[in-house]
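Two chains, two frames, some hints: make the complex.
Going down the list, the protein sequences come from chains A and B.
All letters in the first sequence, in the order written, are residues 3 to 230 by the working numbering.
All letters in the second sequence, in the order written, are residues 3 to 254 by the working numbering.
It is worth saying that the hints were derived from the structure and are not from the lab.
Treat the numbers as computed from the prediction; the structure is a model and nothing was measured.
Treat the hints with care, as some may be off.
Said to hold, decoys possible - Going by beta-carbon spacing under 7 angstroms, a handful of chain B positions derived as facing chain A:
| # | residue |
| --- | --- |
| 1 | Val87 |
| 2 | Tyr90 |
| 3 | Ala95 |
| 4 | Met221 |
| 5 | Leu226 |
To be verified - Stretch by stretch, here's where chain A covers chain B in the computed footprint (C-beta under 8 angstroms, at least three residues):
| # | region |
| --- | --- |
| 6 | 79-85 |
| 7 | 190-198 |
| 8 | 209-220 |
Backbone N, C-alpha and C define an ideal beta-carbon position, used for all residues, glycine too.
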Amino acid sequence: MTTSNLYLQILEWMPFVLQGFVMNILMSLLAIVIGTAVGTFLGLGQLSLNFTIGLPSKLLTQLFRNAPWLVLLFYCIFLMPYQVNIAGITIELPSWLRATIGFSFPVAANFSEIVRGAVKSVPRGQWEAAEALGYSRKATLFRIILPQCLTRMIPPWMNLYALLLTATPLSMIVGVEEALGRTQAAVQAQSDSRVLIPMYAALLAMFFLYTWPINRLSLVLERRFRTK
Amino acid sequence: MITDIQTFFRELANSGINLTIFYDAFDFERFITGLGNTVLLILASTFFSIIIGAIGTAILTSGRAFPGFLVRSYVALFRNTPLIVQMYFFYFAIGSIMPVGQNELGLPEPLLGSFSWAVISLSLYAGAFNVETFRAGVGAVHGSYEEAAFALGYNRRQAFFAVTVPLALRFSFASLSNNLVDLTKATTVAYAVGVAELLYVSNQIWSDSLNTIEMMNVMLVIYLVLTGAVVFIINRVEAVMRLPGFGLGDNQ
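With the rest of the complex left out, here is chain B (with noise of 0.2 angstroms):
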């Protein structure tokens, strides 16, 4: 069967279409893995993302001054300065003051690699936009829910956790699946740090195997195929956690 494959794309290679990934277990294997840490890139960095617009939602929520200028602060920042410039001050400015350790050979190893920096840095980012669209969820959330909660003895944190996080929550998937969409494309810029994800690799193949184009256009639809992936994860959750009679989309 994987014989055949091999064979099927090692022709279609002399017909000039060469995917090396296909028949090269080198390149396979190096592909399988950029695959890997992108993926990886994409799950850690959507949990703590939307770890940080939690937090910050209920910060901005509480009503108290100073702690809800820093979060408006962040998002500010976060949201109005490029991606990649923060990862650089990220990986590299925030990176030479880390203290360093020792790896087992006894020379200097940072503490945190790029792929932990990359990390933190999409998560900032894309957890400056999730505050966004979560306060924007408690916004929509109308509030006679909350009085109605306060009416049956619910005190305001009760009501908060129990009534309106559970709505907000309903009204937030539209722009979050936006949000974790552009989480998925934004995930590439970590290739400018050096983390072995599916950019950096199919760089490192076509330019060992000179199939530039082939390379690109695999990597267009498996990033098309990513963020399908990823709306249509997002939509299943939705339809799951879909309150009867409680009508979304249609101005409640």
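Extracted from the complex, chain A is given alone in its bound form (with noise of 0.2 angstroms):
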């Protein structure tokens, strides 16, 4: 087969590779939706100077940003039943859904760091500024310093999608039908070891020309809010 022939039978597998990169930006999109949701809790209970819900929050956020993302990808997919009875309906869990819970835990948890790290990067000035004004701790942190820290918390917001995206195709792994597996399986289907570099290079460079602008876009939003 000639060198053409070869590339012309790469591309006619593309679309069935990118299908199953629509599968990672799916599972990406909803995973940082859950876990920003409960991150924001978290990260707003690591701030709570009640110790019930101080000490809680801190545990969970170091228990999830420590353990590695496979391990809890494990747990879920081992752990958690496939169907759910919820007042007579029953929810099918399929092995995509519990994987992107599994990726959902350790995105919460580093997102409840950046809620923290923003919250502590305002100084304290103006915490004292608001006591002075009569401003409550609720007050002064949801109408004061909140509002402040939405800005400096995008750019980290994106390197963790960034790096949520890149750890989806480790849900080929228990199963998940994404662009990885069906790569593997593309090769092992043309069953010739020449298409093995040009397909996997293929995949590398997918994943990059989404990740690498959103990084980009980052570092530039980082720039322009750190001179404010």
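Here you go:
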């Protein structure tokens, strides 16, 4: 087979791999939404002066931040039920959904740290000034500190999303049909060792083209917010 | 003593918590091998990734255009693609064109096994992050230190290695410890190319002994201890290397 034929053959498989990549994007979008929502509560919990809220939030954050993604993924894949019954309605939990939930844990823990870090980055003087003006701790946090934090949280949040997307192919190990699994299947189907390098290089390029702009934009935004 | 421990865990197994690794010699041996491989992966990849980070930073600060572009491309490529895909690319794609040797039985044997590829791929991945860390560390050293070295008759190279590097290293520790914790966690990905590390052997053990939950909890605890150990060691090194009077963390 000539080289041009080889590339045509690889090109034929690209839609199949790209469909898998859409799965990666879907999982990452769902996980970032869940993770951000849970992480917001965990992060605010970490700032709580109440011992019963602060301590569990800190422990959970550290636990899920320091555990390997793959281990958390295994937890969710093996220990979550295949289906749940809520009020007589059976909801199926396919492996991609369980994997997505598995990715949400580390995302939540990382976002919790982003929230805490952003709040801590606001100078202490602002807390003191607000206290002098008679603001309660709650009012200071929600009306003075957090509005300033939002812009500071966007760049690390985008980095977190990029990190999450590059973690999604791990779900291939537990049998989710995404880009890496499909690339592997495509390589096996072609049974030609010459396609190995171009196929995997194409997959790397796919991830790079999606993630690189996000990280670049995050860097630009970080510089812009810093000067303010 | 050992029999006491074994008896205790056998009895614990009867009550529902089946930790085979503490009473079954075969499982124990597998588990220790896995743990050893994980520690070996961490040590080897840490070593090579720091060297890669140092070389990359030296090239970037030398100010030469083309080598600098190559380093920046390397960092961008490895930071923006999944580690597992990189590992597959090295192990399956690059591995397919590597020369094949022969083992003592005359059977074909690849020159580099999955462990070597895992170390190469983990080192390159963590190395990309270390380049950025060390580069930021060099950037954090105030220009006046270099100028002072010039005034004392140092040339550019001498000033870089004798003044900038030692200070930059001290600025890099916080970020470096972050990178190495990430590397420790990333060693689990070697599971995908069949390296018999902790996750891999745990999977074998729970497949044989049907104690998934127990093994997962053991594994989680071990990884938390390993990441904790990495942070502790870096903090110790940082404390030992601290320069009295050189305020770190309070904007010089």
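Results for each hint:
About 6 angstroms separates the beta-carbon of Val87/B from the nearest beta-carbon of chain A, less than 7 angstroms, and the hint is met. Satisfaction of the interface hint for Tyr90/B is found here, the shortest Cβ-Cβ separation to chain A being roughly 6 angstroms, below the 7 angstroms cut-off. Checking Ala95/B against chain A: minimum C-beta separation of about 4 angstroms stays under 7 angstroms; hint holds. For Met221/B, the suggested interface contact is upheld, since its CB lies about 6 angstroms from the closest CB of chain A, less than 7 angstroms.
Checking Leu226/B against chain A by beta carbon gives a least distance of about 5 angstroms; that is within 7 angstroms, so the hint holds. Note: the region 79-85 of chain B has 6 residues with beta-carbon separation from chain A under 8 angstroms; the three-residue rule is met and the coverage holds. Chain A is given as covering the region 190-198 of chain B, and this holds because 4 residues of the stretch bring a CB closer than 8 angstroms to a CB of that chain, at least three being needed. Coverage of a stretch by a chain is defined here by at least three residues with a beta carbon nearer than 8 angstroms to that chain's beta carbons; for the region 209-220 of chain B and chain A the count is 3, and the condition holds.
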